[in-house]
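Counted from 1, the sequence shown has number 185 at position 184 by this note's numbering; the numbering is strictly sequential.
Each hint should be verified, as a subset may be incorrect.
[Claimed, not checked] Label pairs and their in silico Cβ distance ranges:
1. 58 - 23: 42 to 48 Å
2. 127 - 15: 17 to 23 Å
3. 176 - 203: 26 to 32 Å
4. 11 - 38: 27 to 33 Å
5. 55 - 76: 26 to 32 Å
6. 131 - 184: 38 to 44 Å
7. 55 - 145: 28 to 34 Å
8. 135 - 16: 50 to 56 Å
These aren't lab readings, by the way, just hints derived from the structure by calculation.
Note that the coordinates shown come from a computational prediction; the quantities given were computed from them, not determined experimentally.
From the three backbone atoms N, C-alpha and C, an ideal C-beta is built for every residue, glycine too.
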Amino acid sequence: MTASGPTVSFIQMKDGTREDYELLEELEKPFLAGTADRLLRELAAQAEETLSGYQITRLEHGLQAATRARRDGADLDWIVAALLHDIGDRLAPQNHDRMAAEILRPYVREEVSWVVEHHGIFQIAYYGHHYGWDPEERQKFKDHPCYRSCEQFCERWDQSSFDPAYPMDPLESFVGDVREVFSRKAYAPEVLRAGEVHGLPDAA
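With the sequences and hints as input, model every part of the structure.
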């Protein structure tokens, strides 16, 4: 299979010219602009290909978590993070939390990406004892500034969002939120807001 349209001259990256890399930079722009829509398609796919045994799909779990965040008055970073926190389940079920964090990291503040990265460990508190795991594994992060944020994220929006009767907002209602977050300039200091920790809003 060969590529269609303009292509670079090299077959080894080290042989590329300035013109080659300028071409790639230009061609990359529409692809980057489509990130939000690719994530939304992945979310939609979680309605069909999902983890067995739960009373709801993985998509519904994300929708419930994001709806709870929205109804608590959370800001856009938290809402989109709640929606996407398990986006890695289909491709990286053993480290889905870190995969989701890396997807979000360039576009949300550091507090939020840290919480998504560590939510898997924090969730063990609810079920780890059934497997012989240490339910207090999260305690190794007890002195981290984001500890409380992650604890609350898991308690209020994650572990509680497996309820088939919960009136969740539809995926379509989050499309604008996802597109807004992923249209930000990646890694911009005003987006990352390094060192800032505000916690979750008070529960509604």
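Outcome of range test on Cβ distance (residue 55, residue 145; 28 to 34 Å): holds (30 Å)
Pairwise beta carbon distance, residue 58 to residue 23, judged against the given window 42 to 48 Å: holds (44 Å)
Status of the given 26 to 32 Å range, CB of residue 203 versus CB of residue 176: holds (27 Å)
Consistency of beta-carbon spacing, residue 38 to residue 11, with hint 27 to 33 Å: Holds: the Cβ-Cβ distance is about 30 Å, inside 27 to 33 Å.
Outcome for the supplied range 26 to 32 Å, where the beta carbon pair is residue 55 and residue 76: holds (28 Å)
Residue 127 paired with residue 15, Cβ distance criterion 17 to 23 Å: Given range 17 to 23 Å: violated, Cβ gap about 50 Å.
Consistency of beta-carbon spacing, residue 184 to residue 131, with hint 38 to 44 Å: With Cβ atoms ~42 Å apart, the hint holds.
Residue 16 and residue 135 - C-beta distance against the hinted 50 to 56 Å: Holds - the Cβ-Cβ distance for residue 135 and residue 16, about 51 Å, lies within 50 to 56 Å.
When each numbered hint is compared with the structure, a violation occurs for hint 2 only.
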